[in-house]
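Residue-level listing of the chains:
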Amino acid sequence: MTTPQAAAGMRQEREAALITAILAGEREKFHDLIRPYERQVYLTALSLVKNETEAEDVAQEAILRAYRKLASFRGDAKFSTWLIAITLNEARSKLRQEKRASLDSLDNHDAEEGDYTPAVLTDWREIPSEALEREEIRALMRQAVADLPDAFREVVILRDMEELSVNETAEALGISISLVKVRLHRARLLLQKRLAPLLRIEWKGKAKSGMLRRLPWF
Amino acid sequence: MVLNCRHVWDRISDYIEGTLDPQVRADVERHLAHCEICSAVLDSTRNVIILMADDRVFELPVDYSKRLHARLDLVLASESPEPA
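Chains as they are written, first to last, in the numbering used here: chain L, 1 to 218; chain C, 1001 to 1084.
Hints listed in this document are in silico derivations from the structure and should not be mistaken for laboratory results. Possibly wrong hints are sitting among the right ones.
[What the hints assert, rightly or not] Here are the simulated lysine to aspartate or glutamate pairs, DMTMM-like style, with alpha carbons at most 25 angstroms apart: (1) K181(L) with E1082(C); (2) K181(L) with D1010(C); (3) K1066(C) with E171(L); (4) K181(L) with D1054(C); (5) K193(L) with D1043(C); (6) K193(L) with E1079(C).
[Said to hold, decoys possible] Derived contacts from chain L toward chain C, CB cut-off under 10 angstroms, selection only: (7) R39; (8) A55; (9) Q60; (10) N89; (11) D147; (12) L173.
[Claimed, not checked] Listing some non-contacts, in silico: residues in chain L with all C-beta distances to chain C over 12 angstroms: (13) A17; (14) S72; (15) A85; (16) E171; (17) Q192.
Backbone N, C-alpha and C define an ideal beta-carbon position, used for all residues, glycine too.
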């Protein structure tokens, strides 16, 4: 059986070989290099720009930039981490162009403070992945993510959606591991607070008695 | 140490990540065993995380990949990567 470490090592070797080939002139191999990361690049872009069309533009620009700068990639970082850092830079420069960055940083400041109290529910025991078959549930989740303060959204998208490790998230964002953990925790509680009651209402119609136990004081 | 609900909420993310000290983890588990509120908060937070990782939440725009590779083709045909 292949361990995850061995699989990661093989991927890294395969990528290193592709990069060498591309730099030696086999340019079309860049398609293969980039294909496993298309989704990740798009989500990363979306974590900052929040608009699908802009996110696609940013993703394309980031991938073109990665191609042009490929010779400066150092094998000591993972290719995916490097690519995500490029994407975040591309998204930020897009935001700067639109002069939205200054407003967002004010929002972030407020959001770092404050009290995080979770929604208290006792009726969400099962893993509700069937719920995602419904577009309105997916839309609720996208909106909840979009409404997070920027600093939280970046972290939660990299860690919980793209499933980078905490260390990789810190590296891609250029922030400390402890800041990743703090933001991740707050982002998760904000999402829990926002989504748990909404999803509970969504399911209320479907669920018959018994499943939905309310606390007497809730 | 006996934890109250607030303490447990503050540690929920680290608990899910599995990064709490063994002693703190044991304290959290002791609290969870008898606190229905906190175990519900834990379950729902965990569920939110599971849902977040599901590819169906954020679908790629239709033909995103096709457009990307078409644009790449144009650039790959006319440019080499820049020298280091």
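Open item on the list: Using Cβ atoms and 12 angstroms as the threshold, tell me whether Q192(L) really stays out of contact range of chain C.
Closed with: At roughly 5 angstroms from the nearest Cβ of chain C, Q192(L) sits no farther out than 12 angstroms, so the non-interface label is violated.
Task: Restraint check for K1066(C) with E171(L), where alpha carbons must lie at most 25 angstroms apart - done: Violated: K1066(C) and E171(L) sit about 30 angstroms apart, past 25 angstroms.
- [ ] Determine whether the non-interface label on A17(L) survives the test: each CB of chain C must be over 12 angstroms from its CB.
- [x] Given a closest Cβ separation of 16 angstroms, the condition holds.
Open item on the list: For a C-alpha distance cap of 25 angstroms, please report whether K181(L) and E1082(C) respect it.
Closed with: violated, 37 angstroms
Task: Interface restraint verdict for D147(L) against chain C (beta-carbon cut-off 10 angstroms) - done: violated, 14 angstroms
Open item on the list: Let's test the interface hint: is any C-beta of chain C closer than 10 angstroms to that of Q60(L)?
Closed with: Result: holds, 6 angstroms to nearest chain C Cβ.
Open item on the list: Please check whether N89(L) passes as an interface residue: C-beta within 10 angstroms of a C-beta belonging to chain C.
Closed with: Cβ of N89(L) sits 16 angstroms from chain C, so the hint is violated.
- [ ] Take a quick look at E171(L) and tell me if its Cβ sits farther than 12 angstroms from every Cβ on chain C, holds or violated.
- [x] Consistent with the label, E171(L) stays out of reach of chain C, its closest Cβ about 17 angstroms off (over 12 angstroms).
Task: Interface hint status, L173(L) versus chain C (Cβ within 10 angstroms) - done: violated, 17 angstroms
Task: Evaluation of the interface hint that places A55(L) against chain C, nearest CB under 10 angstroms - done: For A55(L), the interface hint holds, since the closest Cβ of chain C sits about 8 angstroms away, which is under 10 angstroms.
TODO: Starting from K181(L), check that the Cα of D1010(C) is at most 25 angstroms away, please.
DONE: Holds, because 11 angstroms separates the two Cα atoms, which is no more than 25 angstroms.
Task: Whether A85(L) stays farther than 12 angstroms from all C-beta atoms of chain C, as the label says - done: holds, 17 angstroms
Hints 1, 3, 6, 10, 11, 12, 14, 17, counting from the list given before, are not met by this structure.
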